[in-house]
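Asker: Each chain, written out:
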Amino acid sequence: NAGVTQTPKFRILKIGQSMTLQCAQDMNHNYMYWYRQDPGMGLKLIYYSVGAGITDKGEVPNGYNVSRSTTEDFPLRLELAAPSQTSVYFCASSRGHTNEQFFGPGTRLTVL
Amino acid sequence: GIQVEQSPPDLILQEGANSTLRCNFSDSVNNLQWFHQNPWGQLINLFYIPSGTKQNGRLSATTVATERYSLLYISSSQTTDSGVYFCAAAYSGAGSYQLTFGKGTKLSVIP
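If you're matching them up, the sequences are chains A and B in order. Numbering-wise, the numbering used here puts 152 at position 77 of the first sequence, and it's gapless, one number per residue. Numbering-wise, the numbering used here puts 89 at position 57 of the second sequence, and it's gapless, one number per residue.
By construction, these hints were calculated from the structure, which means they are not laboratory data. These numbers were taken from a predicted model, which means no experiment stands behind them. C-beta: ideal position from N, C-alpha, C; glycine also. Certain hints may be false.
Lysine to any residue pairs mimicking SDA-like chemistry, simulated, CA-CA at most 20 Å apart [to be verified]: (1) B:LYS138 to B:GLY84; (2) A:LYS119 to B:ILE34; (3) B:LYS138 to A:VAL163; (4) B:LYS135 to B:GLN74; (5) A:LYS119 to B:TYR123; (6) B:LYS86 to A:ASN174; (7) A:LYS119 to B:ASN77; (8) B:LYS135 to A:THR161; (9) A:LYS84 to B:ILE76; (10) B:LYS135 to A:SER159; (11) B:LYS138 to A:GLY117; (12) B:LYS135 to A:VAL135; (13) A:LYS132 to B:TYR129; (14) A:LYS84 to B:GLN74; (15) B:LYS135 to A:ASP113; (16) A:LYS119 to B:LYS86; (17) A:LYS119 to A:GLN160; (18) A:LYS119 to B:GLN74; (19) A:LYS132 to A:LEU155; (20) A:LYS132 to B:ILE34; (21) B:LYS135 to B:PRO41; (22) A:LYS119 to B:ASN56; (23) A:LYS119 to B:GLU37; (24) A:LYS119 to B:ASN70; (25) A:LYS119 to B:PRO41; (26) B:LYS135 to A:GLY115; (27) B:LYS135 to A:LEU155; (28) A:LYS84 to B:ASN70; (29) A:LYS119 to B:ASN62; (30) B:LYS135 to A:GLU134; (31) A:LYS119 to B:ASP59; (32) A:LYS84 to A:THR95; (33) A:LYS119 to B:TYR129.
Some chain A residues judged to face chain B by a derived CB distance under 10 Å, without partners named [unchecked claim]: (34) THR80; (35) GLN112; (36) LEU120; (37) TYR123.
Assemble the whole structure, with the sequences as input and the hints as a guide.
Answerer: Below you can see the structure in the form of structure tokens.
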């Protein structure tokens, strides 16, 4: 099993550009999550999904969108990138909300 | 929402020493996890421990849910234990889900 995979590993965007961060898991987990981690801080939840076709906002959803068309994939879309979105983004999955979460390797995004 | 506080924020240990990291949370939770983020940024789940005690090699964790705290014990520390340790507390129920990470404890183990 590859676990949770994320692409790309690094990306530099200009202000106003858009991009999609990809996340996939092969553990047949229903629950998937997107987090951001700012320097010296813990993770903050952006969006989560409890299954295909179902998504909900976390603590910091503004400026992001998600979709979940399959169990395996949970892409995160940034529209009109802003410097405040410079961060490291982690995707995670779990069998349920009250189960341990498994994390991808992260995507380091810089918006200039 | 749930508030999570971790202490100490920084810890320097001599290799072979033991340590205890603490995580306090403000509300009832049904999910408490400990993670290790290594110096390369990778996050590894250490324990899923909403209550009770678990052990895995040199690491163990105890959560006392009624008193709203969890402890992570590291014994005979090694340089590979260096990194940041996060606890994360979550509550899910009645269609809502809250998850909060603490700011972490940065551990440096020196030879």
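Asker: Going through the earlier hints one by one, which of them does the structure break, listed in rising order?
Answerer: 1, 16, 27 and 34
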